[in-house]
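Peer 1: Model the full assembly from the supplied sequences, consistent with the hints where possible.
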Amino acid sequence: MRQIFNSQRVETVEGVAQLLRDAGIEVAEGLMAAQARELNHGFLSRIERGRPWVRVKLAASLDGRTAMADGRSKWITGAAARDDVQYWRARAGAILTGAATVLADDPMLTVRLADNEVLPPLRVVLDARLRSLECARVREGGAPTLYVHDAAVSPPDAADAEFASVPSHDGRLDLGAVLALLAERGINDVHTEAGATLAGALLAGGWVDELLLYQAPTLLGEHGLPLLSGLGIHAMEQQRRLRVVDRRQVGEDLRLLLRP
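Quick note: the sequence shown uses the working numbering, first residue 735, plus one each step.
Hint data in this document are derived by calculation from the structure and do not stem from the laboratory. Treat the numbers as computed from the prediction; the structure is a model and nothing was measured. Any given hint could be a false lead.
To be verified - DEER-style ranges, computed between Cβ atoms:
#1 L753 with M970: 55 to 63 Å
#2 R863 with R783: 28 to 36 Å
#3 L976 with G749: 35 to 43 Å
#4 E874 with E986: 28 to 36 Å
#5 P960 with Y821: 20 to 28 Å
#6 A813 with Q752: 53 to 61 Å
Backbone N, C-alpha and C fix where the C-beta goes; we use that ideal spot for every residue, glycine too.
Peer 2: What follows is the structure in structure tokens.
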């Protein structure tokens with residue numbers, strides 16, 4: 735085999751296959767193609783679509799509420815579900831959130847696993863006006879942090895964070911430009927943990943590849959905050975059907991992996 739490849743330089747998959755055939759070796763193509771795409775969907779998304787694979791993680795009560803009216807949400811789901819989220823964070827190249835979530839929760843957004851040896855995901859904060867900078871926990875913990883802001887806003891000098899600007903429309907950052915920016919940085923998978931506004935905007939804009947929903951066996955009532963907002967659904971004909979890819983019990987909570 736080494737003699738075959740040492741005999742000439744081959745730079746493409748097709749060239750390798752032909753070289754093997756010329757040497758009398760049977761070559762089969764397309765084996766387990768679907769499984770291979772599933773294992774590499776982030777890389778393929780970045781190469782083929784110019785943007786990362788986007789996952790939105792949500793946690794809700796049985797009546798579809800993510801927090802009380804005053805924003806309190808600790809804790810809807812149990813410890814097992816919260817631990818499970820860490821594995822999904824670890825497999826991502828970036829963890830995405832919005833300024834409202836940073837202001838409300840002051841999260842750290844790091845991977846917290848006892849045996850964690852993965853490269854810390856980039857923490858990305860969408861903050862058009864850079865109004866969440868005083869919440870510093872998102873810049874702690876050893877993982878890099880990137881603030882994406884409006885091009886009209888001048889970022890401060892900071893040693894503990896990076897800043898990048900994208901166009902905005904009506905005060906909202908261009909999400910397509912955000913994802914293109916992350917793709918240029920080599921990010922294949924984006925794990926999103928944000929509020930109803932950003933999560934809803936991603937879904938409404940067609941940027942969501944899968945939803946990771948943890949549903950807890952509890953009720954928060956009609957005054958609780960919704961799972962998603964801004965979808966513009968006013969009739970049954972406008973409903974957005976999702977396909978269940980995986981469902982399983984995590985502690986007392988139900989975890990659903992859904993795709994459009």
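Peer 1: So, for every hint listed, does it hold in this structure?
Peer 2: Outcome of the hint check:
Checked against the hint of 55 to 63 Å, the C-beta distance between L753 and M970 comes to roughly 57 Å, which is consistent with it. In this structure the supplied range 28 to 36 Å holds for R863 paired with R783, their Cβ-Cβ distance being about 29 Å. Hint check: L976 to G749, Cβ distance near 41 Å, so the stated range 35 to 43 Å holds. Between E874 and E986 the Cβ separation comes to about 31 Å, which falls inside the hinted range of 28 to 36 Å.
Between P960 and Y821 the beta carbons are some 27 Å apart, a value that agrees with the proposed interval 20 to 28 Å. At roughly 55 Å, the beta carbons of A813 and Q752 sit within the given window of 53 to 61 Å.
Violated hints: none; the structure is consistent with every hint.
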